[in-house]
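Protein chains in written order, with the numbering used here: chain A, 1 to 306; chain B, 1 to 191.
Check before you lean on any hint, since a few could be wrong.
[As the list claims (entries may be wrong)] No more than 27 angstroms apart at the CA atoms, straight line, and that leaves these computed lysine-lysine pairs for DSS-like:
hint	chain 1	residue 1	chain 2	residue 2
1	A	Lys39	B	Lys93
2	A	Lys4	B	Lys93
3	B	Lys42	B	Lys157
4	A	Lys68	A	Lys39
5	B	Lys93	A	Lys30
6	A	Lys68	B	Lys93
7	A	Lys123	B	Lys93
Note that these hints are calculated values from the structure, not bench results.
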Amino acid sequence: MSLKRKDLLSLAPLSVEEIELILETADSFKEVTGREIKKVPALRGRTVVNLFFEPSTRTRTSFELAAKRLSADVINFSPSSSSVVKGETLLDTARNIEAMQADIIVLRHPSAGAAEALARGVKSSVINAGDGWHEHPTQALLDLYTIRERGLSFEGLKVAIVGDVAHSRVARSNIHALSKLGAEVRLVGPPTMMPYGVERLGARVYRNFDEALAGVQVIMMLRLQLERQGRALFPTIREYARLYGLTSDRVKSADPGAIVMHPGPINRGVEIAPEVADSLSSVILDQVANGVAVRMGILYLMSGAS
Amino acid sequence: MPNHRMTAQMPQPRQQERLVMDAADIARALTRIAHEILERNKGVEHLAVIGIRTGGVHLAHRLVRRILDIERVSIPIGELDITLYRDDLALRKEQPVLRRTSVPFDISDRIIVLVDDVLYTGRTIRAAMDGLIDLGRPAEIQLAVLVDRGHRQLPIKATYIGKNIPTSRDEEIHVMLEETGEEDRVVILKA
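Isolated chain B, as found in the complex:
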């Protein structure tokens, strides 16, 4: 079935699409990350998960559900909007639309697992860490991403990675999730 939203976003008229993860791959990657989080932190004590809006929030909810299935413990979850912490705000002609940050628990002294869909330049994660530190002083920040596509511009490394996908700069990675009305899959778009 053609994906209309994706078609509308295509910057070039002729783009090749390559499937790199299907629904089963995404599900397996998230289950593995959930186990890795539990193993690394020796359980769920002091643990909280915070998704970066918007893709990271859906993945964060899925990770928390998997941790609940495995450990039978519900861990706190928050949603972080990083817009106000972006380093390109002063360069933009229009201000991006804000979404609400919702972290309904004290992050101080907790181990925070930040969740995002794609890790690329690292600038989003830097902004997220700035935003997080304004909310309190976490004991530790870990980073979980579904896809690491490389091309870092800042010295940032993910703690948990669903899949490493080497890309060139002219390629785009699209993570599509059921929560936004699409079929779960990750594709590379090449001009």
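Same shape as in the complex, but just chain A:
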């Protein structure tokens, strides 16, 4: 079994076997990240380019660390310091990067579909590190890895995804993958933040938060993107926190061993209460740590010579 793909753009087309291969490969790299010398020579001589058109410290650092721990050469491009400000297109930027013998391009872009457009235009492998509201496959894979690490099995697993599903690429990738792996996905949030026809992806939409949480083993909170849509989609932050904020009282509706996840950064006291974010059931920091191992696994699997 191998990952016979040039690019990783979305979790929608991945088979269950491909997802499992990525998670198992990540497991080997988790062992590497636990060593005193956290570096292996697997990608020696390869070049990985982080092309980030949106600010993202967490994902970019995670990819950079993953590539460096595999001994790859890493270049970070951001639009403010590149020729994009002079009017160069995404494809031209990428072709220039490719001409510098880049093997893998990691792209974060504000437009949905940018990663796919880029992948069609370049020979290098393209990894989607978030494209608009579309997908964020590596974040979903690290979420899956974290769930599995806690000993939970996907078949029949009850997962609640809470908050702004419509604008969340993380949610979309997770819905694809979790449904495929046999989990029951429940979505809850303000109706204005629920995408039209999301049930077609295999998820069930709930209006009531406590009802959605009943018996779930995984509570996946989404970040309220205050800097983007802000108040247009809900009356006040206080009301949002009252209706959809995860408090320690609400956690009691879930399975007693339920884990709490969040892709970060957290709006403390808005979508998640501080005591829940810091509780034993929170795996938020595990998600960050696992992100490096999962991205090492993806870079390794995608670094075939072809």
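For chain A, the structure is supplied; the task is to place chain B on it using the hints.
Only chain B this time, still in chain A's reference frame:
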């Protein structure tokens, strides 16, 4: 009884199989190696055994059991996956599947006996030594192999050898072990 797994692996339609070690030969060779390890290291102090995945791991477990029988002392055992240290990774179209390295003890200042089934070009052992040194600084690395078939491409020599089997390059050595559901034996396959 025909061996289906081996038949499926045959690269050529007509291959001759020659038995070079049977179960008793393998058992005797491992017992001798266990005694040699103890003799050379004057006991088991600071000793640890690490098997190279996958064949070497089974042999490493057998060696540790024999050392336990002889000395009544259990020595640490680890399992090493060398995939990430291979020198042909950049040349391959597909990345090989990783297996987990599990060395649950500090290797620093220990005498490490690396174990593999067949010693051939020496490239696997080079990769294993690189992998091992990333885990710590062993006092000494020794190498135990069940079969040395020659044709070295690197200046590597085994410390303990079960059997020297001179081969030609177009021959293949197959080590079959009970742990993988087969009868213990070593055969040469010739096209």
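Comparing the hints with the structure gives:
{"no.": "1", "hint": "Lys39(A) <-> Lys93(B)", "verdict": "holds (23 angstroms)"}
{"no.": "2", "hint": "Lys4(A) <-> Lys93(B)", "verdict": "holds (9 angstroms)"}
{"no.": "3", "hint": "Lys42(B) <-> Lys157(B)", "verdict": "holds (21 angstroms)"}
{"no.": "4", "hint": "Lys68(A) <-> Lys39(A)", "verdict": "holds (8 angstroms)"}
{"no.": "5", "hint": "Lys93(B) <-> Lys30(A)", "verdict": "holds (24 angstroms)"}
{"no.": "6", "hint": "Lys68(A) <-> Lys93(B)", "verdict": "holds (22 angstroms)"}
{"no.": "7", "hint": "Lys123(A) <-> Lys93(B)", "verdict": "holds (15 angstroms)"}
In summary, the structure agrees with every hint in the numbered list given earlier.
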